[in-house]
Amino acid sequence: MSAALELVGVAHDFPVRGRTLRAVDGVDLAVGAGETLGVVGESGCGKSTLARIMLKLTRPSEGRVRLLGEDVTDLMESAMRPRRRHLQAVFQDPVSSLNPRLTVRDIVAEPLRPLGLRRTAMSQRVLSMLEMVGLPADAAGRYPHAFSGGQRQRIAIARALAAEPRVLICDEATSALDVSVQAQILNLLADLQEQLGLAVVFISHNLGAVRHVSHRVAVMYLGRIVEQGPEAAIFDHPAHPYTKALLAAVPDPAPGAAVPVPLPGEVPSPLDRPPGCHLHPRCPRTGPRCAAEVPPLVEFAPGHHVRCFYPG
Amino acid sequence: MLEVERLCVAFRGQTGPREVLSGVSLSMRQGEILGLVGESGSGKSVTALAIMGLLGEQGRISGGRIRLDGRELTTLNPSDIRRLRGSCMAMIFQEPMTSLNPLLRVGLQIEETLHAHLPLSRAEARTRAIQLLGEVGIPAPETRVDAYPHQFSGGMRQRVMIAIAMACAPRLLIADEPTTALDVTIQAQILALMRRLRAERGTAILLITHDLGVIAQMSDRVAVMYAGEIVEAAPAGELLHSPAHPYTRLLLASLPTTRRRAPRLPVIEGQMPGPGTIASGCRFRMRCPMAVPRCTDETPVLAPFQSGRFVRCWRAGDIAT
Chain A
1 MSAALELVGV AHDFPVRGRT LRAVDGVDLA VGAGETLGVV GESGCGKSTL ARIMLKLTRP
61 SEGRVRLLGE DVTDLMESAM RPRRRHLQAV FQDPVSSLNP RLTVRDIVAE PLRPLGLRRT
121 AMSQRVLSML EMVGLPADAA GRYPHAFSGG QRQRIAIARA LAAEPRVLIC DEATSALDVS
181 VQAQILNLLA DLQEQLGLAV VFISHNLGAV RHVSHRVAVM YLGRIVEQGP EAAIFDHPAH
241 PYTKALLAAV PDPAPGAAVP VPLPGEVPSP LDRPPGCHLH PRCPRTGPRC AAEVPPLVEF
301 APGHHVRCFY PG
Chain B
1 MLEVERLCVA FRGQTGPREV LSGVSLSMRQ GEILGLVGES GSGKSVTALA IMGLLGEQGR
61 ISGGRIRLDG RELTTLNPSD IRRLRGSCMA MIFQEPMTSL NPLLRVGLQI EETLHAHLPL
121 SRAEARTRAI QLLGEVGIPA PETRVDAYPH QFSGGMRQRV MIAIAMACAP RLLIADEPTT
181 ALDVTIQAQI LALMRRLRAE RGTAILLITH DLGVIAQMSD RVAVMYAGEI VEAAPAGELL
241 HSPAHPYTRL LLASLPTTRR RAPRLPVIEG QMPGPGTIAS GCRFRMRCPM AVPRCTDETP
301 VLAPFQSGRF VRCWRAGDIA T
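Chains as they are written, first to last, in my numbering: chain A, 1 to 312; chain B, 1 to 321.
Quick caveat, the hints were computed from the structure, so don't treat them as lab data. Certain hints may be false.
What the hints assert, rightly or not - To spell it out: a stretch of chain B is covered by chain A in this simulated footprint if at least three of its residues, at any positions, have a beta carbon under 8 Å from a beta carbon of chain A; those stretches are:
#	stretch
1	48-59
2	199-213
3	247-254
Predicted model, so just to flag it, every value in this text is computed and none were measured. Glycine included, C-beta positions come from ideal geometry on N, C-alpha and C.
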């Protein structure tokens, strides 16, 4: 199977006052048609930089980006533009990602413009998109401010899917929503993904939401993928100490659930990443090799990769 | 210790006052953690601001009573309530960066609170500030006391806010979404800190959050708010195990968890009505799968339901069986 979107050895550096901040470090990821890849991690782990690289908004310092089998790493924006219809995004804040001066019709039609459709075909397409995301047809003539947060996120999804993309990047797409609305949007994303055979990258700090929509999950810590595997393996049998701590820290609404023992300390600044395994100063299972060598990402179980000298 | 009785709050609107809180009643004992849970616009933050006397120009208490240690707060003049804020009750917010003064060293901000309420010398206040920073888990407090807020991480800034709030040993701490802006591993640390303060000092905590997981981990009792009313109140374990109000049930069911993957999440259709849009009847009835004609005709009251529990629903008895 060829991947719809593939990152190979991607790294990205930001210059910060004469120093180098490595935000993303040696990331290999692939997502195929009909598959949702969840990417989780805390602030500063590099997941937003990764999203920008996937969307070709940032050119990585190292590594390659392949879209539908084609290497697009070095393409200029003008060359990228016709390919953009295959690669769309939904972001966290539906207020700032929708132009307040455009009607919903114009917003959803935006990615259709380069396709040169006739007016009637275009407006039919807009209406069918609104129906698909569960908005009434009369929404087309109104402006974004007339809608609630959940409805605005539906508008953003309708726009993203209007030109029938093959890859959808969701960057914290449900993080600003209330629980009951989040459930509606998660269901919608799962349905559309299945119906349309989309390749979806679902980036979020909300682990429950990630489990709900993802087939495979990658866990990031300070720019590196520390564990990657099928959803059930990551959530039911995590092997990396960081994944275990992250999962244990999510407060469980089940009555009588165990109160987590917090991981000590904080995520170090990406400017001062510890040598060897980035987690070793905070890790409950650290050994002599951890400070000296970077552990490789090795296969722990079929399809389940872990970057740790002492996994399990 | 804290008694809120039939509290009503109205905000000035374009077409006259709009009632955003309708008869909210709460009570808290010393050392208790009460979780107040609800979605955006349910009135949970307004409840907190009303207790703190921080409603501002646009809002006013239009009915009801708030008593702290037997003292009526709704009739106090602004200078008296200012004296209580910080000493008897204190509040922390979601985003510590907007609550801290970026131009003042954090030590000075703690000392400011101490001087406002206690007769301390400058040296004493500084010693106390260092001690407080140590108590909330700031490493090397004797040097960090001279740092500015931007030199702290989000989690450390929230620790500083807690140190300021706890400076005069208040009896009541109101925490409004204190960990919502933090990463989960840092959230776990801040929640552990709040539990420790409660255990060591007997501070009562009114914890406002939309996160039912945080509620489960922290609260002794829970009150669920919907559209300006409390719809259910119960001991935390019972509420999470057997929610009685249809809204609470759906809210719990619609939460994706890391424990298992549900094929589909149950959803609550529609959205919460805005303030003042429902004149009578149950405010949840339009979204409620259990609604019957009585829910439109008669307004349900928050009625006792089993021991120690209260539910605002005509059908709670039917649902439980």
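Checked against the structure, which of the hints given earlier come out wrong? Hint check: 1 fails alone, others pass.
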